[in-house]
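Letter by letter, the chains look like this.
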Amino acid sequence: MQEVKQTCLFNEHVKLNAKMEEFAGYEMPIVYKTIKEEHNAVRNEVGMFDVSHMGEFIVNGVDSTAFVDHLFSNSIVEKENGSVTYGMMLYQNGTIVDDLLVYKVHDEEYLLIVNASNIAKDYEWVVNQTEEFDVTVKNVSEDYSEIAVQGPNAEAKVLELMGIDLSGLEFFHFGNYYYENHPLIISRTGYTGEDGFEIYADAEAVIELWRLLVQGGVIPCGLGSRDTLRFEAALPLYGHEISDKITPLEAGLKMFTKIDSDHDFIGKDALLKQTEAGLTRRVVGIELTKISIPRAGYPVFVGDEEVGFITTGYLSITLGTPIALAMINRPFTKKGSNLEVKIRNKYIPGFVRDKKFLKKNYKSKGV
Amino acid sequence: MSKVVEGLLYSKDHEWVKKLNDSEVLVGITDFAASELGSVVFVDLPEAGDTVEVNAEFGAVESVKAASDLVSPVSGEVIEMNEDLVGEPELVNEDAYSAWFIKVKLDNVKELDNLLSAEEYKKII
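The listed protein sequences derive, respectively, from chains A and B.
Residue numbers 1 to 367, in my numbering, belong to the letters of the first sequence in order.
Residue numbers 1001 to 1125, in my numbering, belong to the letters of the second sequence in order.
Certain hints may be false.
As the list claims (entries may be wrong) - No more than 20 Å apart at the CA atoms, straight line, and that leaves these computed lysine to aspartate or glutamate pairs for EDC-like:
| id | chain 1 | residue 1 | chain 2 | residue 2 |
| --- | --- | --- | --- | --- |
| 1 | A | Lys-33 | B | Glu-1094 |
| 2 | A | Lys-346 | B | Glu-1047 |
| 3 | A | Lys-290 | B | Glu-1036 |
| 4 | A | Lys-33 | B | Glu-1036 |
| 5 | A | Lys-290 | B | Glu-1083 |
| 6 | A | Lys-19 | B | Glu-1036 |
| 7 | A | Lys-33 | B | Glu-1080 |
| 8 | A | Lys-36 | B | Glu-1090 |
| 9 | A | Lys-36 | B | Glu-1047 |
| 10 | A | Lys-346 | B | Glu-1083 |
| 11 | A | Lys-290 | B | Glu-1094 |
Calculated from the structure, these hints are not laboratory results.
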């Protein structure tokens, strides 16, 4: 068992009386006050998350663009410098190594942001693919701390408190900024379905910014509300909607692949084969018609037949209804199909629905 | 510090039992259990006529994040469940000792002897 790590903000969380739990090898804040208050702060005003546990790799070298194109499911070749692209790294069989963000600094330098729980596995995977390419890959996760400032008032709060005007920063783009003498990377990205920013810096700067933002009224939010927020926006979580047993097509993430282009990438052949053979299952939205809470792993039935399982589910804070994302066998994936979720010893009725439970409130163009 | 009420009986699974008369009890969860859970958003309870068994699961109490099984401190028949909690599960956090879950007609009143006193329960939390 490895020692549990702490982020640079650990003492700040303790001062705020956060409930701390181990997540992905880090002792992280789950909730400060209540998940509901933190969730609503992000939906209606502005909240802030410590996401320093996330992993960062830098890819450098003359072949960087060709290398990332080979490794990454989505297109980056035609993207401009300063762009951020969401996508996945796949195994040869088309299942998912991890989902990640790719920051294009320029043709010979990229920053990859990966899930904390997958840092070691991802780094090994990325390095193992470098043989044919003139690139170097550095795991800089320990040097980068990160906070996510999310919500409709994020832009105004960053301007008011940090003096940085981000009105010109487009959705899924990043830039280099300074706070006092600290260099920052700020992107207009997030994991909540709201407008907002992810700010990367060294530990000293992140601690200073965290204190400044808390003092200025930005609500500290834990991983509890991070999950309820991303879930309502139907954003996938590794280990739930996506995993090394699930392909992007099954997860409904085809739009984040370039299988229809002439670019090759690891796993593409498997996805093309799966397209040709036809999908046997897919992640859908489910809404229950009786109040209960469908949790991850609960089985889903149509009559006596088990047709799938819940990947994430909550009594939605924003909508008040029990909703879930679930991996369901075809043909029961059709919208409006009736099914039942087995919750403890009861079968709770529901139906398949659009998984866009909530309209996303992003600024400007969508991904 | 979590509240423990004198005169009630307690289980190691953090339920309280209140004797109403020789054969009927109310069952709820303790203040300690409620604060460990955080905000309760849903309670899943048996209905009148169902039976419960000592040390067996009889329902669940759920926070935003997780479901926790309820383990029955007694055996018997459910005479009534607290309908108020269906619409207002937050009552459990407001006052865990008035937010009873089920009223049970005991099969065996001697089972109560195995439960803890307030003093004994305080030592395990």
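Violated constraints from the hint list, given by number and in increasing order: 3, 7, 9, 11
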